[in-house]
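One-letter residues, chain by chain:
There are 2 protein chains.
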Amino acid sequence: MRIALDAMGTDDAPAPEVAGALGALSHDPDLSVILVGDEPSLKAELAQHPGAPIERLTVVHATERVHAGESPALAVRRKRDSSISVGIKLHKQGEADAFVSAGSTGAVMAASLFILRPLPGVDRPAIGILLPTAREPVLMLDAGANVDCKPRHLLQFAHLGHIYARDAMELESPRVGLLNIGEEEGKGNEATVEARTLLAESGLNFVGNVEGRDIIKGDLDVLVCDGFVGNTLLKFYESVAEFIVALLQREIRLSHTTEQIDLREVFQVLDYAEYGGAPLLGVDGVAIICHGESPPKAIQNALGVAARAVRSDMVSHISRELAVASAPSGGG
Amino acid sequence: MRIALDAMGTDDAPAPEVAGALGALSHDPDLSVILVGDEPSLKAELAQHPGAPIERLTVVHATERVHAGESPALAVRRKRDSSISVGIKLHKQGEADAFVSAGSTGAVMAASLFILRPLPGVDRPAIGILLPTAREPVLMLDAGANVDCKPRHLLQFAHLGHIYARDAMELESPRVGLLNIGEEEGKGNEATVEARTLLAESGLNFVGNVEGRDIIKGDLDVLVCDGFVGNTLLKFYESVAEFIVALLQREIRLSHTTEQIDLREVFQVLDYAEYGGAPLLGVDGVAIICHGESPPKAIQNALGVAARAVRSDMVSHISRELAVASAPSGGG
Numbered sequence: 486m487r488i489a490l491d492a493m494g495t496d497d498a499p500a501p502e503v504a505g506a507l508g509a510l511s512h513d514p515d516l517s518v519i520l521v522g523d524e525p526s527l528k529a530e531l532a533q534h535p536g537a538p539i540e541r542l543t544v545v546h547a548t549e550r551v552h553a554g555e556s557p558a559l560a561v562r563r564k565r566d567s568s569i570s571v572g573i574k575l576h577k578q579g580e581a582d583a584f585v586s587a588g589s590t591g592a593v594m595a596a597s598l599f600i601l602r603p604l605p606g607v608d609r610p611a612i613g614i615l616l617p618t619a620r621e622p623v624l625m626l627d628a629g630a631n632v633d634c635k636p637r638h639l640l641q642f643a644h645l646g647h648i649y650a651r652d653a654m655e656l657e658s659p660r661v662g663l664l665n666i667g668e669e670e671g672k673g674n675e676a677t678v679e680a681r682t683l684l685a686e687s688g689l690n691f692v693g694n695v696e697g698r699d700i701i702k703g704d705l706d707v708l709v710c711d712g713f714v715g716n717t718l719l720k721f722y723e724s725v726a727e728f729i730v731a732l733l734q735r736e737i738r739l740s741h742t743t744e745q746i747d748l749r750e751v752f753q754v755l756d757y758a759e760y761g762g763a764p765l766l767g768v769d770g771v772a773i774i775c776h777g778e779s780p781p782k783a784i785q786n787a788l789g790v791a792a793r794a795v796r797s798d799m800v801s802h803i804s805r806e807l808a809v810a811s812a813p814s815g816g817g
Numbered sequence: 486m487r488i489a490l491d492a493m494g495t496d497d498a499p500a501p502e503v504a505g506a507l508g509a510l511s512h513d514p515d516l517s518v519i520l521v522g523d524e525p526s527l528k529a530e531l532a533q534h535p536g537a538p539i540e541r542l543t544v545v546h547a548t549e550r551v552h553a554g555e556s557p558a559l560a561v562r563r564k565r566d567s568s569i570s571v572g573i574k575l576h577k578q579g580e581a582d583a584f585v586s587a588g589s590t591g592a593v594m595a596a597s598l599f600i601l602r603p604l605p606g607v608d609r610p611a612i613g614i615l616l617p618t619a620r621e622p623v624l625m626l627d628a629g630a631n632v633d634c635k636p637r638h639l640l641q642f643a644h645l646g647h648i649y650a651r652d653a654m655e656l657e658s659p660r661v662g663l664l665n666i667g668e669e670e671g672k673g674n675e676a677t678v679e680a681r682t683l684l685a686e687s688g689l690n691f692v693g694n695v696e697g698r699d700i701i702k703g704d705l706d707v708l709v710c711d712g713f714v715g716n717t718l719l720k721f722y723e724s725v726a727e728f729i730v731a732l733l734q735r736e737i738r739l740s741h742t743t744e745q746i747d748l749r750e751v752f753q754v755l756d757y758a759e760y761g762g763a764p765l766l767g768v769d770g771v772a773i774i775c776h777g778e779s780p781p782k783a784i785q786n787a788l789g790v791a792a793r794a795v796r797s798d799m800v801s802h803i804s805r806e807l808a809v810a811s812a813p814s815g816g817g
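Heads up: the protein sequence lines correspond to chains S and P, in order.
The numbers in this note's numbering rise by one with no breaks, and the one at position 21 of the first sequence is 506.
The numbers in this note's numbering rise by one with no breaks, and the one at position 62 of the second sequence is 547.
In case anyone wonders, no lab produced these hints; they're calculated from the structure.
All the pointers check out, no bait thrown in.
Which copy? The list can't say, so a pair holds if one copy fits it or any two copies do.
Cross-link-like lysine-lysine pairs, in silico, PhoX-like; alpha carbons within 25 Å at most:
| id | residue 1 | residue 2 |
| --- | --- | --- |
| 1 | K702 | K672 |
| 2 | K672 | K635 |
| 3 | K782 | K720 |
Based on the provided sequences and hints, a complete structural model is requested.
This is how it looks when you write it as structure tokens:
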């Protein structure tokens, strides 16, 4: 099992990437990691870890780096030797079984679509994000790749989410819900009203419409929505969590009891790093996107998720099951 | 100034309504309130408040009540003598200058559309909701009345929000933002890309696209979105705030410092009751909808907001300004 890791992705690259890779290697004896990025920086960083299992670590040089503000499409076209493009090409050519990056989400998506290509039966690859809830995290997709969605796209997202939750999250029969503004049939906008009918006939474990207030309860495993709503919810969630915790910290400080309160539990529940990256689902390969501020733990978890996706043969499952789902008799 | 108040709207009706009305009357000497609902219950409740200014309180009997689970359209058609329909008719006939209800949002909306009617130049009346932020609350509209919106509808929401924020919230030049998934021009779904252009030419104080993560910062006064996204965000926000506060309370309890932490400040910031109701904007009248769990304070504040909307002549401003905005040369 070899995973190509974009070592220039995080804001503090390459230190979190190298530390995360070493964490993953010590957890998984069958794993090898290909660090893709500026070779001198990577060699220098590796020298900081004298006990590293260098027999399972390869460095592949990439001369360029995609920066946060760049246009993803332009970056992919112009920077052919970026750590993102080089890493995805390694995966495409079979040198690596998966690709993980904490770089620009848009650039990873653009390069994946361009180099790996969508699978047959998938009109629109989607980004899945794990949202913290009161119980287990829920996989929400699409988190921003597709802003205008037809009912059949939402149906495809449901299939993609189902397969990822089953294969990479190891859930036996993932509960799939459709984000909507009411629970009853007939509620919603044009796309969700029709998507609900398609989902009810899909053969998936469809639990029905789910309202904004129900997400946090954690009663489902996969939440389907268009990328406009998904992206808005995701960004709003992060900011609200930060805001409320900041409000509370101020209050606790004012009451002079700082030492006696342990906020770690709260932060842990809200900590995306625990969950390990967002998969780009529906392309011909395993591509996992991490937050730009990922600590080593997040990189390590993302490598673990990528390995599970590869071992479970997720891509061929998607290819097979989506071909069936998109056949004329499958509706939509 | 006479306001008709649906006295059968809250879950604990009519006690919060009566207490809220008395609070508003003591704050505003020029106000009269018409309590609409079951006369015997209202007389009994008023008897609990011996010092009430009865010369400014009228009771109008309504034999029926719309319940939470009912279909709004059916309830309005079948229950002609509900407290909602009777109250709105009082407003329509000029017996009252405004209407306030904590009853079924759908029924208030349906009855307002049916009895008051939309103003000329308004294709789709919208519900505005005040969301708590790190600074002042932001008026988000539409909060759920219209799920599939064209760019011109979003433009109308912006005008409606601008006028309400100016007239009822007393902001001189309300900053209007468009909810979107990126700040740059060209970002978004079909409706928001075109709406951004219309808003830039609208003459409003348009501050551009606003992402999910920026809402909480409180850098704007009016946030425009379609009702699907707005309703989802609103319900999600309420549930996330409750969830995080519950997490924290558990943590504080575990650390045995319950008595020393004052969460009131946090709750106050997140307390919708402070802000006083959601206006239904674009109908020929002033209709304010409160949460079904509204305490007296929320009813009192909603009556205050309604009074400001009436005194500022908001409805004729909407009528005049929307007619200009929807004229052919106004675009859209």
